[in-house]
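Colleague: Here is how the chains run, residue by residue.
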Amino acid sequence: MTVKEQCENVKRMSGTDVRKCMKCGKCSGRCPAFHEMDIKPHQFVSLLAQGRIEELLKSEAIWSCLSCMACVERCPRAVAPAAVIEAVRDTVIRAQGANGMKAEDIPPMVDELIPQQLLMSAYRKYNK
Amino acid sequence: MQRIGVFICWCGSNIAATVDVERVADAVKKDQGVVYSATYQYMCSENGQQLIKNAIKEHSLTGIVVGSCSPRMHEATFRKTAEAAGLNSYMVEIANIREHCSWIHKDREEATEKAIILVRTAIAKVNLNAPLSAGESPVIKRALVIGGGIAGIQAALDIAEAGFEVDIVEKNATIGGRMAQIDKTFPTLDCSACILTPKMVDCAQNEKIDILSYSEVEEVKGFVGNFSVKIKRKARFVDEKKCTGCKLCMEKCPSKKGLDEFNMKLNKRPAIYIPFAQAIPNVAVIDPEQCIKLKTGKCGLCQKVCGAGAIDYTQKDEYIERGYGAIVVATGFKPIELNAFNEFGYSENQDVITSLELERIMNAAGPTNGVLLRPSDGEHPKVITFIQCVGSRDTSGCGKPYCSKICCMYTAKHAMLIREKYPDTEVHVFYIDVRTPGKNYDEFFRRAVEQYGVDYIKGMVGKVYNENGKLMVQGSNLIDNEQVLIESDLVVLAAAIEPEPSVRKIATLLTASIDTNNFLTESHAKLRPVESPTAGVYLAGVCQGPKDIPETVSQASACAAKVIGLLVKDKLKTNPCVASANETMCNGCSQCASVCPYGAITYVEKELRVDGKTELRRIASVNPAVCQGCGACTVTCPSGAMDLKGFSSKQIMSEVEEICKR
Amino acid sequence: MKEVESKMLERAKVLLESGEVARVIGWRKGAFCHDPEPASFESVDELKDFVYDYFCGANLSKYLIAESKKEGKTAVFLKPCDTYSFNQLVKEHRINREKIHVIAVECMAKLDIGKIKAKGLSAVTGVEVDGEQVKVQTLYGEAVLSKTEIVLAKCATCNKTHQVKDEEIVLHERPVRDVNRFAEVEALEQMTAEERFKFWREQLSKCIRCNACRNVCPACSCIKCVFDNPQSGVAAKANDDKFEEQLFHIIRAYHVAGRCTDCGECSRVCPQGIPLHLLNRKFIKDIDETYGEFQAGESAEGKTPLTEYRESDLEPKDVLKEGK
Amino acid sequence: MKICYYPGCTLKTKSQALDQTARLAALALGVEMEEIENWQCCGAVYPMARDEIATKLSAVRALDYAKHNGGRLLTLCSACHNVIKRTNEDMRSDGEICSRANNYLQLEESYRGETEVLHYLEMLKTVVGFDNIAQKVVKPLNRKVGAYYGCLLLRPSGVMAFDNPENPTIIEDFIRALGGTPVIYPFRNECCGAYVGLKNPDLPKKQSERILRSAKEKGAEEVITACPLCLYNLNEKGSGILPVKYFTELLAEALGVKS
Amino acid sequence: MQEITTKEGFVPNIVAFCCNWCSYAGADLAGSSRLSYPANVKIIRVPCSCRVNPMFVLKAFQRGADGVIICGCHPGDCHYVTGNYYTRRRMAMLFSFLDYLGIERDRTRLEWVSAAEGAKFSAVMNDFVAKVTALGENKKLSDLRVKEGE
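Protein chains in written order, with the numbering used here: chain A, 8 to 135; chain B, 304 to 965; chain C, 103 to 426; chain D, 27 to 285; chain E, 3 to 152.
A portion of the hints provided could be inaccurate.
Pairs of lysine-lysine, DSBU-like flavour, derived with a Cα cap of 30 angstroms [unchecked claim]:
(1) D:K38 - A:K30
(2) B:K761 - D:K232
(3) B:K560 - B:K607
(4) C:K405 - B:K948
(5) E:K141 - C:K387
(6) C:K419 - E:K133
(7) D:K170 - B:K773
(8) B:K773 - A:K30
(9) C:K326 - B:K916
(10) A:K30 - B:K761
(11) C:K308 - B:K909
(12) B:K535 - E:K141
(13) C:K201 - B:K909
(14) B:K703 - A:K30
(15) D:K244 - D:K162
(16) B:K474 - B:K409
(17) E:K122 - A:K18
(18) A:K11 - E:K122
(19) C:K300 - B:K808
(20) B:K535 - B:K545
(21) B:K916 - C:K419
(22) C:K300 - E:K133
(23) D:K38 - A:K109
(24) A:K18 - A:K65
Here are a few chain B residues that sit away from chain A, every Cβ distance over 12 angstroms (derived from the structure) [to be verified]:
(25) K685
(26) F733
(27) F747
(28) K761
Since the hints were derived computationally from the structure, they do not count as laboratory data.
Glycine is no exception: its CB is placed at the ideal position from the N, C-alpha and C atoms.
Could you put the whole structure together from the sequences, leaning on the hints where they help?
Modeller: In structure tokens:
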């Protein structure tokens, strides 16, 4: 896939129109995981609009987004940065062997109280 | 049989580059009724018009077709041209071969073919045109201004200055509007009241101006030059003529729980009150929701203390009806409700306020007598954060899609005034863009930054929350790509502005168009910016779109000029393209009247002689001065008795046929 | 029915004799037992030919446009379905209500001679109705037919009740029919566009442009019809192949939309047997489904569905239902 | 009254307290929660990518079952509620997702989002009524409780339509009905850190502490939630600043049905 | 401009009725913005969409138009306050009726185009022409009376 195709694909998967963004930064102003991210939520929208998908695919931030939808909820332009981040993450994990978490990584992290929901969420979010 | 002249305009290269104008002129030469056809570079020019005039005379033309730009552009021009050459102006039809042809098609052959059809369609129509003459209607030499803010005041003063009588209908107890609430004005920082109140006094003293305060427009009938308006004068329970404005009643009133609307409900006021010290008229009003006497029948204290005997608890709403030649709408604006913006904590935190509330807090006549104190505890705020674009430029559905236009400037003003008066205060402003077009505007904003050290942060706030008594403002700093957290004492929201909601009702009454944001629509965005599409209705101030005071005043004066231009005329020509019923065909079934939006159709019993017999029939009768020519009735009429002049069924059918000929 | 007829005759006599009314509008015997015709009776003497039987299907309300213009009062016998047309005409100011005395008469459905003949019976001399059974006498003997099979199309689905009456002659209660009057329209809607087109092409091709439907229709009462008016752009008198002719039925149906009471007279009088009521019923069904149930003629006041609107009305594209 | 109920995996294992107290309380209030047949895990997170269909199918199956069994589907776990409600909205308004999902499932009759998805709290509010609950309270809470909404119930508000996303009131009304005093604190709709803990344990810790600190500062003695994951994070990563319980535990307690 | 698939080079003839205040101005704006649409769309100016008599629509079809589109101000924005509301009902009923007679539904259309929607005007016309082109020539309304085979 060319970079351009990849961009279009991510745009389509996210279902959001990045051109609607007016670059106010409210998403990043609200994000609880902001400090954990190398590329910030508003940059996901902006870089995708510029076609700079390769930078996004390399980002560590895709593993930090909580999908808490705070950015989506408050965007004054009805843009969904979280959906862009998820589309990028999906693109990464759908690529062969690029799962964000390996089965063998999990057991050591699990304590006995950990709910299924957490494991399931993490599995869905990080793996194909 | 018509003698038709066809005039094809090149519009320089606008048409001629795509349409073979000579071929068009040639193709229609032998069409029915056509006796002359010509082309010219610019038909609308002096020379072009002369060409038309000469042809009308030389060839005794009875109708002309101009193939040119849109009729919305030059129909009026060519009608005047025809008139000047002695041809009835309604014998002119325009074939729009620019906007609808040369500008949208690239292929010359295709465009030329289409142009020929469009011109032929116009020829087919003009073959069926009949001379129409505009009727006349008298002009009532009095204007109505709806809304008594700065826009209404300025328009009224200018109209009165020209010698015409003006009524200002203001729904509040005083004129003055939003400008009266403002402390200082940008970019000069002069005191708003100092420049507004003299104008309010002028209004009160001008004998041509009648201020109908605490009143609302209830019903509008009629048309340009001849409106009849029913105005509700709400019961204020105080005789306007007797009250001296001494305020003794205000002191004695035992009910002091009403919220002071003038001070943005930041403090309480008595049930009987004068909105503010410089109110015009300087007359008290009783709030029936708060008045103990009106609610329980007991009390009556204000009546006892009123030396002038002005208090009248029995007052009822009254209705007056007056005639006007022109109407100016100047209904103004309000800040939007902030329910949809709870992320900024407006409803939970007293110290999160709107800019208009800050305006009152900063004002010497405001709830804190002009001392900057925060509402929660009356302390001086040391750190103040402003958030711009709250609800403006918002297409998510929570706010308004437009830029409110005034917020950048007033926020800079507030920031500057605070830093000037309280230099130890830290001021931050979150902005998305700072928009400062206007004379001395950007210089003003830069002064806030450069001279007063206001901290402008490019970014938007995501959340405002209260922690340990502080307002924590969490937002983006996009320049530094950081998320910042500012511990603030006061947060000021630049809430979007929206048209005063009553404008919808006014628009309906006036049949004036309104856009999806409830702004009244102007007749032409560039060339007729102060006129509503409804003849005789003019727009001033924010009711037409966001604007600041200087722009509002300019627009109000422009409105006044338009109104004066109308009122100096003794008679107006009416649109002759109106409906009329063929008496011999009319069934009198009343269906047409049931769809007429103007109430232009009535029924008469009339003796008709048909086929040698006299019959008494019920027949529709259209008042041509009231009919606006929409044609709704023509379609409802089952017998086809109702037709529209200038757009008759036969004319439209002939256009259809011509287009379908291929 | 005889009983009803004699009561009607009795009332007509009293009204005419007393001078209360100047004329009575009813039905007069025809040449055969099955072709009574609408008539105006101005004297007791003329009443000798008065008839009211199972073939009196004609709607008398349209005659009142002219009659209410005449001197004196006019009495009229109206069946349930006729009263809707009457109301509609009052609403449109075509009938002067004050000059009409409405006698509501019972109707147990009327018979269609065409359907009887289609059963192979000819030279019919009389009928006797007994509940669901109809004994048909002919010159060649007697036959028994099922009533449901030989009633007029308009009666087959009728559940109408008298909307107007100054007095009534109703001796029997009519059973309520459990039928869907839109069934035929629905069946057409279920077809493909091509099938529908084929159906209508066949039907409308039969039209000989005799104008019977127009002349009988109580909603089609224009002083000057658009089809007779050269200014309308659709005029055409004769049967020709021009648009004016071809679209005659479409325009006619549209013109009466929202005003048609579904009286069914158009189909009853069509000599070619075109089911014209299916055109009108489509409009009625669409209006009911899109803008709420509306029965023209139920009231002599108020607007019709096409002369009012709601801000929330559907767009045309949303009214067109998914067909095949 | 019977309502179809979708329990979800966590409630069958680690969070049985949530499930059991909810059932007990519902019975006391006259509602029988009828577990739907053969439910499968909803997936715990709503897949946002528009080309994700397979991961939405278990939710569609549950919805379709409820469509034919009363037309309502009751949820309890915030995550299940979020996934099922959002999937339902896709089925209702996104023609492409709807037709693709139906193609997979081959149901007798296409599912087009007809089922009403009802969270237990919404059921309490609209079906039972908080006033009725208040009347049945035998052991009023008499303490200050902070409602923790988290993200899943509220956002995206356009689809969830649960409450005002920035200033919700439903759990506060619930607390009031149980005789407790609700404490409103600004972090009640902030994310707890969710599943990111497996990758980055610091984030849930930071968030959970922040949330509980905020609740404590405003006077809460206890925090309640509807989400097993939130409960886990707040309890395990929140440094014990405040005790955290399921809202149904308080309901059962107040109604006197706690086992 | 959209690609239009033609049936053996068939170019449909389209009659567009546009209200003077919104849609005609919208068409003007499409022109001044140089937003093209096929040349086979020809516009008739009417004061309001409510001036469009169903008879005009039928006449157009009879005379060989392949598609008829009516454009007016958005509901609520009618220059004459209520005109387009009547249009909406009239055309909804007419179009449904024509469909009932077997006339392809894509040959008729009602659209709201404001004076500001030049782009919409152009898009609507492109789309409409594409749909009508796909249907081919309109024969039905002009030969409703002609018996099969004749």
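Colleague: Of the hints given before, which are not true for this structure?
Modeller: 1, 11, 12, 16, 19, 21, 26 and 28
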